[in-house]
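Chain A is already provided as a structure; the job is to place chains B and C on it using the hints.
Protein chains in written order, with my numbering: chain A, 26 to 131; chain B, 485 to 626; chain C, 838 to 938.
No wet-lab data here; the hints were simulated from the structure. Every clue listed holds true.
If we take Cβ atoms under 8 Å as the criterion, some of the chain B residues that face chain C in the derived model are:
1) M485
2) I493
3) S494
4) A496
5) V532
6) A603
7) A606
8) A610
9) T614
10) L617
Note that beta-carbon positions come from the ideal geometry of N, C-alpha and C, so glycine has one too.
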Amino acid sequence: MQSGIEAIAALTGAQGTAATFDTPQGVSAGTAAPGLFANMLASKFQDLNSSVSAAEATLGAVATGKGVEPQDAMIGMERARISVLTFVQLRNKLVESYQDVMRMQL
Amino acid sequence: MDYFKAIEISAAGMAAQQARVEAATLNLANINTTATRGSPLYQPVTAVITSAPTSFTQVLSGSSRPLVIPRATLVPQAGTTPRTVYEPGHPDADSAGMVAYPGIDHTREMMTVMTALRAYEANLAALQATKSLAVRALEIGS
Amino acid sequence: MPTVIEQISAAMSVCNLQHQVNVANIANRDTQGYQRMKLHFDRAMSGAEPPSVVTDRSVAPVTLEQDLVAMSNNLLQYETMARALGRYFSIIAVITNPNRG
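Okay, chain A solo, but in the shape it has when bound:
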């Protein structure tokens, strides 16, 4: 389950380790052309979506009594929540830098 941190690390080209939250990367967006922003967001949204649905799956497994430890379900939910937060930050930063780029042209 890829977290938002990993997604951003991949985005910035940083060398990410196997650990998801152990090496948190700062949120930074490259100054790419405007057309790529939408693609970036779309692909990272896929990762976010999969992390959230994975969390929901563990939650369902706990409810139906399949062998998922309860703390793993809550950890999954927490990861999904942080992925959402990170994604929102990413979006904000991308929008910000896009607006900076747009302003520069004037």
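Same frame as chain A, but now just chains B and C:
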């Protein structure tokens, strides 16, 4: 972890200890009960606690972790002899003037009540511990 | 190399298993023919393998108080790790989202 199984075991433990208290109090209540004409003398009872597997499916699947649920049954106490007292005026006295009372050891029954009560409370504490584990796991994020 | 989160989750799972054992031992204290259970940790790779539930073959009698103390300690360990996990997550959340935690 299956919290419901753990709660089931604790609840069964409480019920089993309760049966022990029932047996002891029943015996204590009948400590001076004589055998009136026709009915037999009161036979002291004791609670025998055995363990059963949690479910047939678990037995069939050969689960390597035998979670055991205690179950109590009341059975007559073995090896008790009635206590005879010389009371010639008693309506239930025999030809020699002896009255038979159930062979109940008062001290032993009181000890049973106390230990069963402590064990009952211990099972209750275990049940509450299971509950707080479950709740604590849910509170991880917040 | 498991992450910190994975290690804490594994330790909490061990606590859950230990709690199951404690509950069964306490409930079956007066059960005829019942053999006490305990967790057996694989010494070869401690931490890598989850412990297994085995019958406790030690002859030393264990009092009810000892059982209750063991259960209480296990609970405390679980509580500690759950709280540590929560704090860890809130740190991550602050790092990724400096404005709102």
